[in-house]
Amino acid sequence: MADSGSGDIAVIGNTDLTPSESENNIKNTMVEKGTNLLKRMEIGVAEAEKRTGKNAVNMQETYTVYLVETRAVDASSEGTTPVPDSLWRRYSEFELLKNYLLVTYPFLVVPPLPEKRAEFVWHKLSADNMDPDFVERRRVGLENFLLRVASHPVLSNDKIFYSFLTEENGWKESVFETGFQAKADSRLKALNATFRVKNADKRFADMKHYGDELQSVISQLLRVRARAADRLYGVYKVHGNYGRVFSEWSAIEKEMGDGLQSAGHHMDAYAASVDDILEEEEHYADQLKEYLFYADALRAVCRKHELTQFELEMAAQDLISKKQQQEELATGTLRTFSLKGMTSKLFGQETPEQRETKLKMLETQIEEGEELVKEKNTECEEFVKSAWVDIERFKEQKDHDLREALISYAIMQISMCKKGIQVWNNAKECFSKM
Amino acid sequence: MFAHSTSAAVKLNNCANCLFPCAMSTGTPRSLPSSGQKSLKDICHPLSAEESARSCSPDRLKTSNPGEKDRSLPNGTPVDTSSPASSSSLLNRLQLDDDLDGETRDLFVTVDDPKKHVSTMETYITYRVCTKTTRTEFDFPEYSVRRRYQDFDWLRNRLEDSQPTHLIPPLPEKFVMKGVVDRFSEEFVETRRKALDKFLKRVADHPVLSFNEHFNAFLSAKDLNKRLGLALLTKMGESVKYVTGGYKLRGRPMEFAAMGDYLDVFTQKLGTIDRIAQRIIKEQSEYLMELREYSPVYTSWTSFEEDLHEPLEGVAGCVSNCTSALDELTEDMSEDFLPVLKEYVLYIESMKNVLKKRDQVQAEYETKLEAVVFREDKKTPVPTDVEKCQDRVECFNADLKADWDRWQNNKRQDFRQLLTGMADKNIQYYEKCLAAWESLIPLLQDKQETKGWNSRITVLGTLNCLQPGEEH
Chain A
1 MADSGSGDIA VIGNTDLTPS ESENNIKNTM VEKGTNLLKR MEIGVAEAEK RTGKNAVNMQ
61 ETYTVYLVET RAVDASSEGT TPVPDSLWRR YSEFELLKNY LLVTYPFLVV PPLPEKRAEF
121 VWHKLSADNM DPDFVERRRV GLENFLLRVA SHPVLSNDKI FYSFLTEENG WKESVFETGF
181 QAKADSRLKA LNATFRVKNA DKRFADMKHY GDELQSVISQ LLRVRARAAD RLYGVYKVHG
241 NYGRVFSEWS AIEKEMGDGL QSAGHHMDAY AASVDDILEE EEHYADQLKE YLFYADALRA
301 VCRKHELTQF ELEMAAQDLI SKKQQQEELA TGTLRTFSLK GMTSKLFGQE TPEQRETKLK
361 MLETQIEEGE ELVKEKNTEC EEFVKSAWVD IERFKEQKDH DLREALISYA IMQISMCKKG
421 IQVWNNAKEC FSKM
Chain B
1001 MFAHSTSAAV KLNNCANCLF PCAMSTGTPR SLPSSGQKSL KDICHPLSAE ESARSCSPDR
1061 LKTSNPGEKD RSLPNGTPVD TSSPASSSSL LNRLQLDDDL DGETRDLFVT VDDPKKHVST
1121 METYITYRVC TKTTRTEFDF PEYSVRRRYQ DFDWLRNRLE DSQPTHLIPP LPEKFVMKGV
1181 VDRFSEEFVE TRRKALDKFL KRVADHPVLS FNEHFNAFLS AKDLNKRLGL ALLTKMGESV
1241 KYVTGGYKLR GRPMEFAAMG DYLDVFTQKL GTIDRIAQRI IKEQSEYLME LREYSPVYTS
1301 WTSFEEDLHE PLEGVAGCVS NCTSALDELT EDMSEDFLPV LKEYVLYIES MKNVLKKRDQ
1361 VQAEYETKLE AVVFREDKKT PVPTDVEKCQ DRVECFNADL KADWDRWQNN KRQDFRQLLT
1421 GMADKNIQYY EKCLAAWESL IPLLQDKQET KGWNSRITVL GTLNCLQPGE EH
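Just so you know, the sequences run in chain order A and B. Going by the numbering used here, the first sequence opens with residue 1, and the numbers climb by one from there. Going by the numbering used here, the second sequence opens with residue 1001, and the numbers climb by one from there.
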């Protein structure tokens, strides 16, 4: 194990960590956060399988299902590890769960799912959803999603989440029964609020801006990385041609032949090594993608704040105008232009009885309005409070995770360099024996 | 100038009929078929090509053992010289070791210090040619002259004309498309200088070519032009002699046919290697282009991060370092690797031409011999011109074989050096990248510790215990 020099904590100095070990680092961080759920059960997505069946329009389709496994934590303390409970879930069911969580906990930064379709691919082959590498990476991503939810102090206590993990049949129905779909805000409503809100909390505005920038920079990074990976692939693979030509050349040489032939084999090995290298890099890309999608979740929370704030402002505005109307009626003065004012000018004023009825109505409305404003105010305040707590939690998580990702990226690069040095040293030895 | 020293022993006279200095090595004094005393029947008939080649050449090879130093001269060392023979120079040549170890070398040449000259008519580059030598053929032990490509070209032509039986090393390409390549760029001039340096070194190491008077003039004359004119006049006649055309060769002797075959395949493989090397450089350049965009993205990310500012900046720096390392690698390969391959392609062309010339000489001999053989009057001795032809064939064959062996040896060394150099450059590239990334790790991990993620340590510890076998 390489020691990077920080001698006292030699284990961290170990640069021989593989990406899967590094991934485990993040998982273990989640586990030790110790939500009640994770204290009780282990969660994993163990396998993926292809299924065919009839879909909603009665047509045959092929889809992938994932095995969600759970096991009680203390079960293995007796020395025997019992078989975990498991059930199969499709990607669409994960999506349903996520949407439910988004609507039900709009003040939380809900963990994202792995991408639906392969994007930012460096090699055309892996753009296929049925590609085994893609399916495998998706399996890892889904497991990551479940662990993220399970390690969240609030989300981990959700009943629907628990039944997702434990009840195969009837889960979908129970989700729909919550009526969460009705609670979802329409896009239009949200957009409207964003434009018209006047006093949104500055911190949320800044966070939204941060989310935009994060998304932009990660997208750029992923695009360039994919192009660079393509090029790197080309560089390595062309070296394989040396293998063949050295072999052919060695056939006409006497003393040089052996050296050339062996060197050729090393060139072949060099060319082949790029496949593993790029597969490991894909892992890094996945870590970045998670935070690309997290940026969306972050922005969603900010938008929800704008919406609640806007609704509060609207309610307050409404109350003010009602109070004004009341005042006008009571004092008989016309402060603002109104249709009432116009019509009364044209058609004469209303009778005292009519005015009484109106005043009474307004009073009720104002009472209701004040209740509403109080309600909305509380809603808004509570939202800001809990949302900000979660945003702070998210910020820490993001800083930690991205740092981990960069470390594992550096480790990967180091491993790639070491392999390169080894291969070329081997080739050099062969050449010197020519 | 090519006078044979008649005062020397009999063995030296065997080449009396040969107009050109030849690398005839003779072991114990034996009379060659062309000595004049032998009857026609004893002459190896070249028409029985295979057998004669087999029977004739081993003899030559036996006597041309490089190890033999008793009374025979090492293979390839001229028996007679192009300069007036003196006992001391003969001694020098006896000591000349074919294996080119520096201890026995007595002539060192280097090409350096390119300078641009601007005149009203033209602009050109001259190179300094430095010589250090103990040979008595030279008036002084050291020389330093300025030469331009034209002069090198002149030298090569003179060598080819005056030593047609020998393989002359190649020069870098003469013509460059003015629009495409900058003839005065540092890279071009440096590449050319290296090739010219190699050319002169190869000539200097050659036991016959290095004694050529034109080579001497090239190295020593202050003003080459005068010698140029003189040399041209005297050499005109000689060079015409070798333009023997129209003779048809019946069969190339086996060993020369094998050489030809080897050269054909070798040319092919060199061509493939050249293409692969160029393709790699192209792919690396494109990879380089992407890398150049990669680093700035990390830098722009730092502008809106607080805690991640340093690690991101660190990664940006690493990527940047790797980018420059790759740039260097690509440049080195372009400048050092590709030109050598091209040079060998030219070398092979020269060798093929020499083989063809040899064929011509043999064809001429065979034709003339045939005419004589079917003559009716068999009593008169073989006419001298047929004998001369036979001599020429034998001289040529011996020279060519000696040069071939030398060439094979040099080729092996050159390619060993070239390929080892390629491996070295790649190793250096990876080492630079490794150093950059390794220096980043402590920077990245430090912060994690101070942030209090100490519980990770125990987890990692358990992790490493549980999965000892997990290797990638």
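Since the hints were made in silico from the structure, they are not lab data. Fair warning: there could be bad hints in the mix.
Listing some non-contacts, in silico: residues in chain B with all C-beta distances to chain A over 10 Å [unchecked claim]:
no.	residue
1	D1112
2	S1144
3	D1223
4	R1279
5	K1401
Within a straight-line C-alpha distance of at most 27 Å, the following computed DSSO-like cross-link-like pairs (lysine-lysine) qualify [claimed, not checked]:
no.	chain 1	residue 1	chain 2	residue 2
6	A	K237	B	K1342
7	A	K360	A	K374
8	A	K254	B	K1132
9	A	K254	B	K1432
10	B	K1269	A	K418
11	B	K1116	A	K254
12	B	K1411	A	K428
13	B	K1432	A	K418
14	B	K1342	A	K419
15	B	K1432	A	K237
16	B	K1425	A	K428
17	A	K39	A	K398
18	A	K237	B	K1282
19	A	K428	B	K1198
20	A	K433	B	K1116
21	B	K1282	A	K254
22	A	K428	B	K1174
23	A	K54	A	K39
24	A	K254	B	K1174
25	B	K1425	B	K1388
26	B	K1269	B	K1342
27	B	K1174	A	K433
28	A	K433	B	K1425
29	B	K1116	B	K1342
30	A	K254	A	K202
31	A	K54	A	K237
32	A	K428	B	K1357
33	A	K419	B	K1411
34	A	K428	B	K1342
35	B	K1352	A	K419
36	B	K1116	A	K428
37	B	K1342	A	K418
38	B	K1222	B	K1269
39	B	K1352	A	K254
40	B	K1432	A	K428
Please read all numbers here as calculations on a predicted model, not as lab measurements. Ideal placement from N, C-alpha and C gives every residue a C-beta, glycine not left out.
Right, here's what the structure says about each hint:
| no. | hint | in the structure |
| --- | --- | --- |
| 1 | D1112 | holds, 28 Å |
| 2 | S1144 | holds, 36 Å |
| 3 | D1223 | holds, 44 Å |
| 4 | R1279 | violated, 5 Å |
| 5 | K1401 | holds, 16 Å |
| 6 | A:K237 - B:K1342 | holds, 24 Å |
| 7 | A:K360 - A:K374 | holds, 21 Å |
| 8 | A:K254 - B:K1132 | violated, 36 Å |
| 9 | A:K254 - B:K1432 | violated, 36 Å |
| 10 | B:K1269 - A:K418 | violated, 31 Å |
| 11 | B:K1116 - A:K254 | violated, 45 Å |
| 12 | B:K1411 - A:K428 | holds, 17 Å |
| 13 | B:K1432 - A:K418 | holds, 11 Å |
| 14 | B:K1342 - A:K419 | violated, 31 Å |
| 15 | B:K1432 - A:K237 | holds, 22 Å |
| 16 | B:K1425 - A:K428 | holds, 10 Å |
| 17 | A:K39 - A:K398 | holds, 23 Å |
| 18 | A:K237 - B:K1282 | holds, 13 Å |
| 19 | A:K428 - B:K1198 | holds, 23 Å |
| 20 | A:K433 - B:K1116 | violated, 42 Å |
| 21 | B:K1282 - A:K254 | violated, 33 Å |
| 22 | A:K428 - B:K1174 | violated, 33 Å |
| 23 | A:K54 - A:K39 | violated, 39 Å |
| 24 | A:K254 - B:K1174 | violated, 34 Å |
| 25 | B:K1425 - B:K1388 | violated, 53 Å |
| 26 | B:K1269 - B:K1342 | holds, 12 Å |
| 27 | B:K1174 - A:K433 | violated, 35 Å |
| 28 | A:K433 - B:K1425 | holds, 18 Å |
| 29 | B:K1116 - B:K1342 | holds, 25 Å |
| 30 | A:K254 - A:K202 | violated, 79 Å |
| 31 | A:K54 - A:K237 | violated, 43 Å |
| 32 | A:K428 - B:K1357 | violated, 39 Å |
| 33 | A:K419 - B:K1411 | violated, 31 Å |
| 34 | A:K428 - B:K1342 | holds, 22 Å |
| 35 | B:K1352 - A:K419 | violated, 42 Å |
| 36 | B:K1116 - A:K428 | violated, 39 Å |
| 37 | B:K1342 - A:K418 | violated, 32 Å |
| 38 | B:K1222 - B:K1269 | violated, 43 Å |
| 39 | B:K1352 - A:K254 | holds, 20 Å |
| 40 | B:K1432 - A:K428 | holds, 18 Å |
Of the hints listed earlier, those the structure fails to meet are numbers 4, 8, 9, 10, 11, 14, 20, 21, 22, 23, 24, 25, 27, 30, 31, 32, 33, 35, 36, 37, 38, in rising order.
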